[in-house]
Structures are given as C-alpha cells and as structure tokens.
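Visitor: Sequence:
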Amino acid sequence: MLKVPAHQVAGHQAIDGRIGPLVDDSGRFYKPLQSDERGANEVAFYTSFSSNKKIPDHIRRFFPVFHGTQLVQASDGSGMCPHLVLQDLVSSHINPSIMDIKIGTRTWPPRASEDYIAKCLKKDRESTSTELGFRISGFQIYRSKESGYWKPNKGYIRSFSAEDVRVILRKFVSSNASVDSDSDPDCAFASTVYGGSNGILAQLLELKAWFEDQTIFHFYTCSVLMMFEKELGRSSGAEVKLVDFAHVVEVDSDSLQDTCPAPTPEQQTIFINGLPCKNPATVTASDFKSTKLNQPGDTNNLDRSFTAILSALEFPGLNTLGLAVARTDLEVDGLVMPHSHPRASEIFYVSKGVVIAGFIDTQNQFFQRTLKEGDVFVFPRGLLHYCLNSGFESAVGFSVLNSQNPGLVGISGAMFGSEVTKLLKLRLISVAKLEVDRAENVTLFGD
1 MLKVPAHQVA GHQAIDGRIG PLVDDSGRFY KPLQSDERGA NEVAFYTSFS SNKKIPDHIR
61 RFFPVFHGTQ LVQASDGSGM CPHLVLQDLV SSHINPSIMD IKIGTRTWPP RASEDYIAKC
121 LKKDRESTST ELGFRISGFQ IYRSKESGYW KPNKGYIRSF SAEDVRVILR KFVSSNASVD
181 SDSDPDCAFA STVYGGSNGI LAQLLELKAW FEDQTIFHFY TCSVLMMFEK ELGRSSGAEV
241 KLVDFAHVVE VDSDSLQDTC PAPTPEQQTI FINGLPCKNP ATVTASDFKS TKLNQPGDTN
301 NLDRSFTAIL SALEFPGLNT LGLAVARTDL EVDGLVMPHS HPRASEIFYV SKGVVIAGFI
361 DTQNQFFQRT LKEGDVFVFP RGLLHYCLNS GFESAVGFSV LNSQNPGLVG ISGAMFGSEV
421 TKLLKLRLIS VAKLEVDRAE NVTLFGD
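Using this note's numbering, you'd call the opening residue of the sequence shown number 1 and step up by one each time.
Any given hint could be a false lead.
Restricting the straight-line Cα-Cα distance to at most 30 Å, the calculated cross-link-like pairs of lysine-lysine (DSS-like) are [unchecked claim]:
1. K372 x K292
2. K278 x K119
3. K208 x K292
4. K241 x K54
5. K123 x K278
6. K352 x K289
7. K151 x K119
8. K154 x K3
9. K54 x K208
10. K151 x K241
11. K151 x K123
12. K119 x K154
13. K3 x K241
14. K241 x K119
15. K154 x K208
16. K122 x K241
17. K208 x K119
18. K278 x K292
19. K123 x K208
20. K278 x K122
21. K241 x K123
22. K241 x K53
23. K289 x K372
24. K151 x K3
25. K208 x K122
26. K145 x K241
27. K151 x K122
28. K53 x K208
29. K241 x K208
30. K372 x K352
31. K122 x K154
32. K154 x K241
33. K208 x K151
34. K278 x K289
35. K123 x K154
36. K145 x K3
Hints were generated in silico from the structure; no laboratory data involved.
Could you build all of it, start to finish, from the sequences and the hints given here?
Guide: Here it is as structure tokens:
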C-alpha cells in the first residue's frame with residue numbers, strides 16, 4: 001500500500017490535495033514525473049547512470065537505486081500517473097535526522113528560459129545560494145522520544161542568513177537542538193557525524209574527487225541529503241545521498257536546437273554564467289559572420305604586439321558552441337607576453353611571417369618551436385604560453401580556442417619594464433636556436 005513519506009523535508013509534498021511522492025513498505029519511493037522535459041530528463045539520467053559501467057561502485061552508493069518507472073495512482077487521487085520508482089533512502093532508519101541542501105550558486109540548467117532564470121536568480125539572491133554556494137531547503141532533527149522532531153516550515157528556512165546556516169549545521173549534530181535562537185548547540189555528535197573516516201565530510205570529499213574527475217554528466221540544481229540516526233544517546237549511520245536530477249545532462253548530449261546566438265549586451269535583461277539565446281525568430285545569417293579580425297591591431301606599444309579575441313559576447317553565433325577565435329599581430333621583434341587561458345586550449349596558425357611559439361607545463365618543462373607560414377602549434381589549456389616574431393617582417397597568427405569565454409591570465413610587459421622584456425626575448429631566441437624538443441627547469445625571468 002502506498003502512503004505519504006513520513007520523513008520528507010523538502011520538495012513537492014503530497015499534502016493539501018497536491019501531487020507529491022509516495023512510499024511503500026518494501027523500501028521503494030515513488031516520485032511523480034514532471035509533465036515537461038524535466039520528467040523525461042530525470043528518467044534519462046537514471047537510465048543512463050544505472051547502466052553506465054564507467055561509474056565506480058563506491059560512487060553509486062551515493063545515488064538512489066533506480067527501479068524504473070511505473071503508473072500508480074497519484075497522491076491527490078486524480079488518476080494513474082507515471083512515477084519514477086527509486087530506493088526509499090530512509091526506509092532503514094527509525095528516527096532519522098535529515099537535512100536537504102540545494103547545491104550551487106547557479107540553480108538553473110543550460111538553455112533555460114529567461115523567465116525561469118529570473119525566477120531562480122531571485123530565489124538564489126534571497127537565500128544563501130549566492131553567498132555560500134548552497135542553501136538549506138529543509139531539515140528535521142530528532143531530539144528525543146518525548147520531544148520528537150524539530151521540523152521547521154519552509155517560510156522559516158527561506159529567511160536563513162549565512163550565520164543562521166552555520167548555527168543550524170551545529171544544531172543538526174547537537175543533543176540539545178532547539179528552535180530557541182539563544183540556545184547554545186552542544187555539537188555532541190559532530191565528531192561522529194561530520195568527522196571520522198566514514199563521516200559526512202569524508203563522504204563529501206569522496207564525491208568531490210569524483211566530480212572533479214568525471215566527464216560523463218553536467219549536474220545542475222541537484223540536492224545533497226545528509227542523514228544520521230541517534231541511538232541511546234549516540235549517533236550512527238551518517239550518510240550522504242544525492243537526489244533531484246531533472247536538470248542533469250550528459251556531457252556529449254546533442255544540442256536541443258540548431259543555433260543559439262547571444263543577444264547584444266543592451267538586449268540582456270538578466271546576467272548569468274554564460275549568455276542566453278536570442279529569440280529564434282530574430283536570428284539572421286549576420287549572427288554567424290564577423291569582420292572584426294579583418295584589420296591588424298594596434299601594435300604601437302611596449303611589446304610591439306596586439307591580440308584580439310572574439311568570444312560569444314563579440315561574435316553572437318559562437319554562443320553555446322564552445323569556441324572563440326583570435327588574431328595576433330606582431331611587429332618585428334614583437335612579443336606576446338606569457339599568459340594562459342584557464343578555460344581553453346588554443347590552436348595557433350601562422351598566416352604570415354616567422355614566429356617562435358612555446359609553453360611551459362606544470363613540471364616547469366619548456367616546449368618551443370619556430371613556426372613559418374602555414375604551421376600550427378597547440379597551447380594546452382591553462383599553461384603559460386607566448387609567441388615572438390623572429391623574422392624580418394611583421395607576422396600574423398590566427399587562433400581557435402575551445403571555449404566561448406577562454407579567460408585570460410596575463411603578465412604585463414609594463415610590469416617589468418623594457419629591460420626585462422628585452423632579456424625575455426633574448427632567452428626565447430637562444431632556446432629556439434638550440435632546436436630541442438623540450439627543456440627542463442627553464443627560468444624566463446631573472447638570472
């Protein structure tokens with residue numbers, strides 16, 4: 001028999017005639033599928049995740065077990081509706097303390113509508129999402145058999161400041177948790193719930209390591225559940241679980257539309273991590289052409305060079321394509337000072353002249369070659385790189401970078417003065433004359 005979950009602390013709840021999740025006595029959780037693309041996305045994620053052999057077992061334990069989908073009677077009695085059938089994460093607990101935490105400073109998926117982004121931004125800015133990178137969506141703390149649970153309503157939780165969150169995280173692991181704001185949490189269970197090799201912090205670090213390494217999914221607006229049980233005055237079974245995958249997409253998933261040119265800055269009404277799409281009805285061929293790299297840049301400066309990078313902001317047709325383009329002009333003896341692009345690798349093509357190009361890796365190994373017209377060189381993502389005109393006429397190079405906003409971390413020649421810049425050029429030329437494949441422990445500046 002299906003029933004309303006007793007320990008749900010956040011999300012849509014099956015109360016007051018509204019549709020929400022249900023549970024049964026066999027340890028299964030029935031989540032109603034949302035009727036828009038979010039429902040299909042979540043089914044697609046669980047189907048892919050559960051069958052993907054690249055997911056290690058020690059990571060699978062953080063996700064609910066997927067049992068497919070099933071038509072069951074909706075909680076509001078409106079008829080048969082499709083539901084995700086998942087593991088009931090709290091079915092093995094008796095009196096669990098639970099906290100639901102929404103992760104991310106950005107809580108909307110790619111290609112979300114402007115209305116949806118504005119709604120999410122408002123909620124993020126009114127909570128701690130923007131400041132802390134997460135917000136508490138709900139919680140319950142088991143105090144004792146006599147006192148039962150402390151389970152605040154959503155209105156109370158929405159008003160949390162960053163300091164309130166810190167206090168609640170302490171109360172969560174205290175034996176004297178109370179709604180009284182003047183009470184001092186004793187954090188009696190902190191060392192066993194948060195700490196230790198099997199504690200919540202250790203589990204979060206394990207997840208963090210996987211997220212930093214995995215290239216299978218893009219996770220947006222997911223939640224972390226933290227749970228533990230108090231038994232005879234002691235805490236046990238601290239667990240971390242991830243839930244809510246309606247906005248997760250596979251890294252290699254196809255684009256949802258043919259194109260997504262960005263609006264011009266004056267047309268933007270909201271500001272996000274990335275650029276929204278123009279109204280498809282206003283997209284024209286001009287969005288996919290730029291003449292901004294036709295003419296040479298101004299090389300009348302200390303370095304005798306100029307680089308112009310076109311990102312999606314200057315070239316709308318690049319939006320969502322993961323590309324940027326650049327032109328580099330070098331006068332005789334001109335130098336592009338060492339710099340890096342934290343979000344992109346770069347392919348550098350010499351269309352005119354003779355150019356020394358190179359980079360230094362994280363082991364301080366130095367890779368450099370002399371390029372002539374038609375030659376191509378690759379600068380790996382995030383590594384310090386440079387180029388120098390070593391010919392007898394001006395040189396021109398064009399680049400393609402694999403990010404629509406590569407970023408630039410540079411070293412200004414003006415910072416060191418003309419003498420240091422001159423010394424750097426001499427060192428690059430001397431290495432070029434050696435024609436070695438690589439050199440180790442190279443120092444570009446100083447003795």
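Visitor: Against each hint, give a clear statement of whether it holds in the structure.
Guide: Evaluated hints:
1. For the proposed pair K372 and K292, the alpha carbon gap of about 24 Å is at most 30 Å, so the pair holds.
2. Between K278 and K119 the CA atoms are separated by roughly 19 Å; this keeps the pair inside 30 Å, and the hint holds.
3. Proposed proximity of K208 and K292 is contradicted: the alpha carbons are some 41 Å apart, above 30 Å.
4. Straight-line distance between C-alpha atoms of K241 and K54 comes to about 19 Å, which keeps the hinted pair within the 30 Å bound.
5. With a C-alpha separation of about 24 Å, the suggested pair K123 and K278 falls inside the 30 Å cut-off, and the hint holds.
6. Taking the CA atoms of K352 and K289, the gap is about 23 Å. The hint holds against a cut of 30 Å.
7. In summary, the hint linking K151 to K119 is supported, as the alpha carbons are separated by about 26 Å, within the 30 Å threshold.
8. About 22 Å separates the Cα atoms of K154 and K3, which keeps this hinted pair within 30 Å; it holds.
9. Proposed proximity of K54 and K208 is supported: the alpha carbons are some 17 Å apart, at most 30 Å.
10. Between the alpha carbons of K151 and K241 the distance comes to roughly 20 Å, so the proposed pair stays at or under 30 Å and holds.
11. Taking the CA atoms of K151 and K123, the gap is about 21 Å. The hint holds against a cut of 30 Å.
12. In summary, the hint linking K119 to K154 is supported, as the alpha carbons are separated by about 17 Å, within the 30 Å threshold.
13. At most 30 Å may separate the alpha-carbon atoms for a hinted pair to count; K3 and K241 meet this at roughly 22 Å.
14. For the hint pairing K241 with K119, the CA-to-CA distance comes to about 26 Å; that is within 30 Å, so the pair holds.
15. As the CA atoms of K154 and K208 are separated by approximately 28 Å, the hinted pair is consistent with the 30 Å bound.
16. For the hint linking K122 to K241, the alpha-carbon distance of about 27 Å falls within 30 Å, and the restraint holds.
17. A C-alpha spacing of about 28 Å is found between K208 and K119, which places the hinted pair at or below 30 Å, so the restraint holds.
18. Taking the CA atoms of K278 and K292, the gap is near 21 Å; set against the 30 Å cutoff, the hint holds.
19. A hinted pair counts as satisfied when its Cα atoms are at most 30 Å apart, and K123 with K208 qualifies at roughly 25 Å.
20. At most 30 Å may separate the alpha-carbon atoms for a hinted pair to count; K278 and K122 meet this at roughly 22 Å.
21. At most 30 Å may separate the alpha-carbon atoms for a hinted pair to count; K241 and K123 meet this at roughly 23 Å.
22. With a C-alpha separation of about 20 Å, the suggested pairing of K241 with K53 holds against the 30 Å cut-off.
23. The hinted pair formed by K289 and K372 meets the criterion: a straight-line CA distance of about 28 Å does not exceed 30 Å.
24. Under the criterion of a C-alpha separation no larger than 30 Å, the hint pairing K151 with K3 is consistent with the structure, at around 20 Å.
25. Using a Cα cut-off of 30 Å, the hinted pair K208 and K122 holds, with the two alpha carbons roughly 27 Å apart.
26. Of the pairs offered as hints, the one joining K145 and K241 holds, with about 26 Å between alpha carbons and a cut-off of 30 Å not exceeded.
27. For the hint linking K151 to K122, the alpha-carbon distance of about 25 Å falls within 30 Å, and the restraint holds.
28. This hinted pair checks out: K53 and K208 have alpha carbons roughly 20 Å apart, not beyond 30 Å.
29. The straight-line distance between the Cα atoms of K241 and K208 is roughly 13 Å, inside the 30 Å bound, and the hint therefore holds.
30. Between K372 and K352 the CA atoms are separated by roughly 7 Å; this keeps the pair inside 30 Å, and the hint holds.
31. At most 30 Å may separate the alpha-carbon atoms for a hinted pair to count; K122 and K154 meet this at roughly 16 Å.
32. Only pairs whose Cα atoms come within 30 Å are accepted, and K154 paired with K241 is accepted, the gap being roughly 21 Å.
33. The straight-line distance between the Cα atoms of K208 and K151 is roughly 29 Å, inside the 30 Å bound, and the hint therefore holds.
34. Among the hinted pairs, K278 with K289 is consistent with the structure: their alpha-carbon atoms are about 16 Å apart, no more than 30 Å.
35. For the proposed pair K123 and K154, the alpha carbon gap of about 13 Å is at most 30 Å, so the pair holds.
36. The suggested pairing of K145 with K3 holds, with an alpha-carbon distance near 23 Å, which does not exceed 30 Å.
The structure does not agree with numbered hint 3 stated previously, though it agrees with all others.
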